[in-house]
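Put the two chains together into one complex, using the hints given.
So the sequences go chain by chain: A and B. Just so we're aligned, residue 1 is where the first sequence starts under my numbering, counting upward by one. Just so we're aligned, residue 1 is where the second sequence starts under my numbering, counting upward by one.
Incorrect hints may have been included.
Lysine-lysine pairs mimicking DSBU-like chemistry, simulated, CA-CA at most 35 Å apart [to be verified]: (1) K57(A) / K152(A); (2) K144(B) / K220(B); (3) K393(A) / K187(B); (4) K7(B) / K393(A).
It is worth saying that the hints were derived from the structure and are not from the lab.
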Amino acid sequence: MRQVSVLFGGAAGDGVRGSGRLLARIMSRYGWRSFVYDDYQSLIRGGHNFSIVTSRKDEKVLAHWSRVDAVVALNQDTIDKHKDRLRENGVIIYDADRAKKLPQGVATVAVNASTIVREKRLAPIYRNALLMGALLKVLGVPLEEGLKVYEKAFGPETPNKQLLQQGYTLAEPPVSFNLSRGSAQPLPVLTGNEAVALGLLRAGLKVYLAYPMTPSTSILHTLAALQDRYGVLAYQPENEISVINMALGAAYAGARTAVGTSGGGFALMTEAFSLAGQSETPIVVVVSQRPGPATGVPTYTAQGDLAFVLNAGHGEFPRVVLAPGDVEEAFYMAADALNLAWKWQVPVVLLIDKHLSESPTSVEIDEGRVTVEEGKVVRSREELERLGLEAYKRYLITGDGVSPMALPGIEGVVVKANSYEHDEWGLTTEDPVEISRMVDKRMSKLPHIVEDLRARGPVRVWGDAGSRKAVVSWGSTKGAILEALRLMGGGFKFVQVRVLAPFPGEEVARELEGADVVVDVENNRTAPLADLVRLHAGVRVDGRVLKYDGRPFTPDELAARLSEVMEG
Amino acid sequence: MSVVKLKLDTGYKITWCPGCGNFGILAAFKRALQELFDEGRVRPEEIVVVGGIGCHGNIINYINVNSFGALHGRVLPVLQGIKLANPRLRPVGFAGDGDMLDEGISHFIHAAKRNADVTVILHDNHNFALTTSQKTATSPRGFKGRSTPMGNPEEPLNPDVLALTSGATFVARTFARDIGHMTRVFKEAIMHRGFAFVHVLQPCVTWFDTSKYYREAVYKVEGNDTSSLEEALELARRFYVDPGLRLPPRERIPIGVFYRVERPVYSDSFTWVRGPLAGDYSPVSVGKVLEELV
Numbered sequence: 001m002r003q004v005s006v007l008f009g010g011a012a013g014d015g016v017r018g019s020g021r022l023l024a025r026i027m028s029r030y031g032w033r034s035f036v037y038d039d040y041q042s043l044i045r046g047g048h049n050f051s052i053v054t055s056r057k058d059e060k061v062l063a064h065w066s067r068v069d070a071v072v073a074l075n076q077d078t079i080d081k082h083k084d085r086l087r088e089n090g091v092i093i094y095d096a097d098r099a100k101k102l103p104q105g106v107a108t109v110a111v112n113a114s115t116i117v118r119e120k121r122l123a124p125i126y127r128n129a130l131l132m133g134a135l136l137k138v139l140g141v142p143l144e145e146g147l148k149v150y151e152k153a154f155g156p157e158t159p160n161k162q163l164l165q166q167g168y169t170l171a172e173p174p175v176s177f178n179l180s181r182g183s184a185q186p187l188p189v190l191t192g193n194e195a196v197a198l199g200l201l202r203a204g205l206k207v208y209l210a211y212p213m214t215p216s217t218s219i220l221h222t223l224a225a226l227q228d229r230y231g232v233l234a235y236q237p238e239n240e241i242s243v244i245n246m247a248l249g250a251a252y253a254g255a256r257t258a259v260g261t262s263g264g265g266f267a268l269m270t271e272a273f274s275l276a277g278q279s280e281t282p283i284v285v286v287v288s289q290r291p292g293p294a295t296g297v298p299t300y301t302a303q304g305d306l307a308f309v310l311n312a313g314h315g316e317f318p319r320v321v322l323a324p325g326d327v328e329e330a331f332y333m334a335a336d337a338l339n340l341a342w343k344w345q346v347p348v349v350l351l352i353d354k355h356l357s358e359s360p361t362s363v364e365i366d367e368g369r370v371t372v373e374e375g376k377v378v379r380s381r382e383e384l385e386r387l388g389l390e391a392y393k394r395y396l397i398t399g400d401g402v403s404p405m406a407l408p409g410i411e412g413v414v415v416k417a418n419s420y421e422h423d424e425w426g427l428t429t430e431d432p433v434e435i436s437r438m439v440d441k442r443m444s445k446l447p448h449i450v451e452d453l454r455a456r457g458p459v460r461v462w463g464d465a466g467s468r469k470a471v472v473s474w475g476s477t478k479g480a481i482l483e484a485l486r487l488m489g490g491g492f493k494f495v496q497v498r499v500l501a502p503f504p505g506e507e508v509a510r511e512l513e514g515a516d517v518v519v520d521v522e523n524n525r526t527a528p529l530a531d532l533v534r535l536h537a538g539v540r541v542d543g544r545v546l547k548y549d550g551r552p553f554t555p556d557e558l559a560a561r562l563s564e565v566m567e568g
Numbered sequence: 001m002s003v004v005k006l007k008l009d010t011g012y013k014i015t016w017c018p019g020c021g022n023f024g025i026l027a028a029f030k031r032a033l034q035e036l037f038d039e040g041r042v043r044p045e046e047i048v049v050v051g052g053i054g055c056h057g058n059i060i061n062y063i064n065v066n067s068f069g070a071l072h073g074r075v076l077p078v079l080q081g082i083k084l085a086n087p088r089l090r091p092v093g094f095a096g097d098g099d100m101l102d103e104g105i106s107h108f109i110h111a112a113k114r115n116a117d118v119t120v121i122l123h124d125n126h127n128f129a130l131t132t133s134q135k136t137a138t139s140p141r142g143f144k145g146r147s148t149p150m151g152n153p154e155e156p157l158n159p160d161v162l163a164l165t166s167g168a169t170f171v172a173r174t175f176a177r178d179i180g181h182m183t184r185v186f187k188e189a190i191m192h193r194g195f196a197f198v199h200v201l202q203p204c205v206t207w208f209d210t211s212k213y214y215r216e217a218v219y220k221v222e223g224n225d226t227s228s229l230e231e232a233l234e235l236a237r238r239f240y241v242d243p244g245l246r247l248p249p250r251e252r253i254p255i256g257v258f259y260r261v262e263r264p265v266y267s268d269s270f271t272w273v274r275g276p277l278a279g280d281y282s283p284v285s286v287g288k289v290l291e292e293l294v
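Isolated chain B, as found in the complex (with noise of 0.2 Å):
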């Protein structure tokens, strides 16, 4: 097939601040979109971002592709219905941690116990940052935000954790800093055939900058055994953000692909849809039906 070179940037002014994690993201997601269309493994056209409300949600205004900005907390139920109408193309969604794991945590469970076919991309900041800082789910315990000050009161909710217990087929973890790993999962991600989740430790220079703390946490997971759920949780299970960042770490933490199997995604059953259902728009007959009401 004949490759298109599309222009991945649009030209737009990026508003993130000078510093954040979301700079990192968007370049390695450029870089492993590139890398796939060179590889003839993926066209342009089939892709399709989707980006929730937050710093992230911007991300869709940055990238040169097809995109739906969607409301606070609704990337996945947009992903999801973009598969079911046209299985060829490929969505991938942006999604904040507020926005995600708050506003909308049904979606994310429930896409998982589908395992729909879709990539879901979470920025993790720990924080509500374009609101000027307030908790979110991830939130550390003792988090010390503009609505919270005397200190978060709740535990954080580890997402790693929440996508594998709820039936996703692939969750990595990644670092916003580190541009070679975030490509390669993020490749990785497209790829899969069912629900990919991928968690991007993502530093917020202004509200909760995590760069030193995590640099000296994290560490690269390599020759594990990614079809093992016991494995993957365990893996999953070792994050530790400390709320007042202190060094250095108490625990260190993983990153990498943690899990991924093949399993039938919910879309597999439904065997009468043949074809695209977008784009048809030719008229049918319910004479039949109607007889048979007679």
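In isolation and in its complexed conformation, chain A is listed as follows (with noise of 0.2 Å):
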């Protein structure tokens, strides 16, 4: 076997996404690489809840896959809700205090968790280590590798490294998958939000500003949990409104900051935003995704919010939209978003979903690869002086657009940032002369922009590079639609757009030259990629795999949708 699934279930509270991300990074110790899906519900006790762990040996995995080859289970709503996921050969691994009713003709392991723990006066949150005991069996993955990730996560002193123990040695399994023990390097499991976190942190990120809202807010307490190690800030002002004007505030002030939100919040920022753009400051904001409209499916995902971000704002100013597709172009496009943003002094949205934000992958990240670009930042007055600014003014016209931006607190020099359209010097103008250089100052930034992109990689061409047939797609599909495309065996050319704004017309459009067939794929209901495929690459898409309800597309789904809409 070079590939397993197992799935994790319980009611919420009871760890299963604790579980489903601890056997990753076991899994990873071993030589595997792993995605974690957590499907979870808006509740913080009862109902379902959910994960499935796809690892694959020395190769990476990009996406959970929908059948499964052992069901972990704490309650007997698992088993009732997920028995058919099992394939031939499937093992049930189950507190037989909490489940009673098994399928015939299926494999079973009975560990009596509830009880043990109950008798060691231990939380029934504990039954975890005693069922991924019995599983580590089933895999046939050694103990001493489970141990190592548990003391790693809980300490020496953690009842869970007995318990694991203990399911190990009681669970008398009927099969065992005998998993061999893959050659690559052990790599740490992250999610797309850590990634985001780290990214930021690399690229000099000093404050992070964020009010709570799922998928986005796990990005907050990574942030808030590291702050004191790297000595910056991470706040949660008293909504969003305050959040990316205090935001703007610090920025102004010359901090690299970052605030995060998903689609409502992002809806509260839109006319901060804007005054990101009109004032200039550099703000990078991070979007993630769930259904909506509204408040929607809260902890599900989706990616119904293009449309809205590359539009949010009033009046018309340059903006940057990234969409990292997997954990790692999260981890470098986070970088990528706090340069861009100080370098051009626009504001840039990093647009994810909640598949991507919270899914534990096995990820390589070099973060040698990203270095801090300051842009035109001045910080005192000899840096002034040398490049002949002595009467400084904060709109300074230049050729690029873009203008020396000196921090306030440097003697002799005043700095006029404004919301209201204003002159070189920061004041307030409605002349119409003024008006119209200004904006055409903020606007000439574009083509720079542009240019910088495409050294950054706007576009990824992914599979048969020859075929005539092609998927476009953006954003946490890429995994997905990379995994079906290994299942059906090639067949067709993935053309994964990673910037949305401004939109990389002239690539897709060398990408999609000459296929006979173009299928579009999205996580939503109307396709505005399709559309933005059709205005500024001048390609009209032949058909659309669309999926809105909540879920993410598994590899097999997608597969078999691609090959209807490619052969029909």
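Written out as structure tokens, the structure is:
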């Protein structure tokens, strides 16, 4: 076996998300790569949560598969809901105190997990370790790998270690998958949100402000937990409007700043997003999508905010919208976002979704590829004099539209930023000549931004470069598309659009030129990417494969739908 | 330290109505700054003024110091962001009554609650003047604006009581026709460590000219116990503006520093932040965190 999928299921609060991630880490130590899908509801206790971990020996895995080899059930509900996902020769590992009805003809491993933890006077969440022990035995993964990860995650004194061992020893599985050790180096397991947090930090983030909103909240959690180690600030103001206006104040003062939210929170921020455009204040807004409109479905996934993000904010101003497709790209592109914001003094949106934000994945990250691009920041009188700018103008008209940005606090220098239309000094103006000059100045950055983005790979091509069938998509669908490509044994070219504004029309046109069939894949109902491709690349898509039920595509489902559209 | 003489005028043509209370506020603020510079207590480059939207907001164009022209209602978040990023700066906000107490009231309560180390000066003229006069949160009940021609059906908010009960550590009331009083109060507010709120009673000569009303009503308090919240609240509550500005005023209105106490500001808790976050663009390594996630 070179690939295995395990489903952990239980009620909210049972700890299934934790188990999914721990298994991914154990498999990583064993030389396997993993992808974890967490399906949970917007409640704290009860309901039904599950995690699917798909692991592959030696090679990356970028999506979870819907069929699984093992189900680890903390309750009866899990078995009832997921027994049909089991492949032939699949195994159910379950808490025999909490589940009694098992399907016929399926291999099972019963563990009296509730009784054991109760006897030890431990909380029910410790059942996970017992079942994980039994699972490792079924998988054929050495107990030692599990013990190492548990010690790292919970400390040397944790009762989890002993329970893991007990589960491993007690279990007498009727089958073993005999997974063999991979040769790949152990890799960290990160969610997209953690990667965003680390990418921003690496690129010099000093202030992160956010109001809690699923699925973006764990960026705030990650940075709040790391802020003392890095001497930075992660803070939660009273609402999203305060968040972004405070962020603009911090950025004006000279701190590299980002904010994070989901669609609804970004809706509240849009007036100040436009202020960032007008005042040319560098800011990164991370928008992690969930199904809308309104409250929508908070803990599920969607790509329904693309048109909104591209058009958010009143008035005309340049913006950059980046859409990483996986956790590794989330790291590098979060760093790009901060660098682009400061280099071009424009608002930058990093557009992700729940599926990318919250799916732990084995990743290989080389932080050496990221540098801090300062842009035209001026920190001292001497720097200004070197630039020949003794009389400082915040909005000086320059060749590339970007003015030197002096930080307030320099002796003899006055820095005036303004929400009103303004002249080069930053003073309010209503003069028609000044107005058009300033609009032109801001918009003149665009061609330079396009050139800059070109060097960062606005479009990536995967699969059969020579194929006359093409799939075009953006964001987290990348994982399922690449896995579907693998499942179908190739047969198409995948054009991944990583920059959505300014749209890389030339690159997309070049890649789609000559394709007989172009299929647009998106996690939404109205296929906004297809419209952008038509508008900017002049290519009409032939088919749309869309999904808008709050769930991400799985490779098997997507492969079937792609085959249908491409053959049809 | 060397005193840098900065020309405080920008030379920008002032567009306020002749006789507007804002002229007094601008003059007093410039005088307060100049005195603080001359006394060596503040350096010009430390000052950042943030203006909201409304007549008052134009003030950023008239003073030659660092400034940020914010959105309507959002002076306070911008002020606090500036201070978080660079605690060496002294952000001073200018906000209007509609601006800060209608559109942006949540920020006011929260800035006071966390005792953010910023100063905010409220230009309270009891109406939205720039949009040709509509009611605001401080318009008296019965006030006839163009959106309430039959009279404002709501009771006004008392900003000083709100500031005091929300946690502000410096609360003062002053009058836009008394430049000397304003200057003293502004200086104290700027030097206060913590959330300093200054309520300026500002006549709007075009739409709601309180000049005579306030001249008769206002009296200076001195010798009050500024450490007593009860006494401060008592003074703060003495504030009645007649919707028809009938004279003589029904009640007299005290002005002065009502409250001044030392209390930790929220950013004192950020002990791990060493030095300004602004201006530091050195790359950091996240390698160790990645290693921990293996």
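Status of the hints after comparison with the structure:
Proximity of K57(A) to K152(A) is assessed by CA-CA distance (about 23 Å); at most 35 Å being required, the pair is judged to hold. Proposed proximity of K144(B) and K220(B) is supported: the alpha carbons are some 29 Å apart, at most 35 Å. The suggested pairing of K393(A) with K187(B) holds, with an alpha-carbon distance near 29 Å, which does not exceed 35 Å. Using a Cα cut-off of 35 Å, the hinted pair K7(B) and K393(A) holds, with the two alpha carbons roughly 16 Å apart.
Of the numbered hints given earlier, the model fails none.
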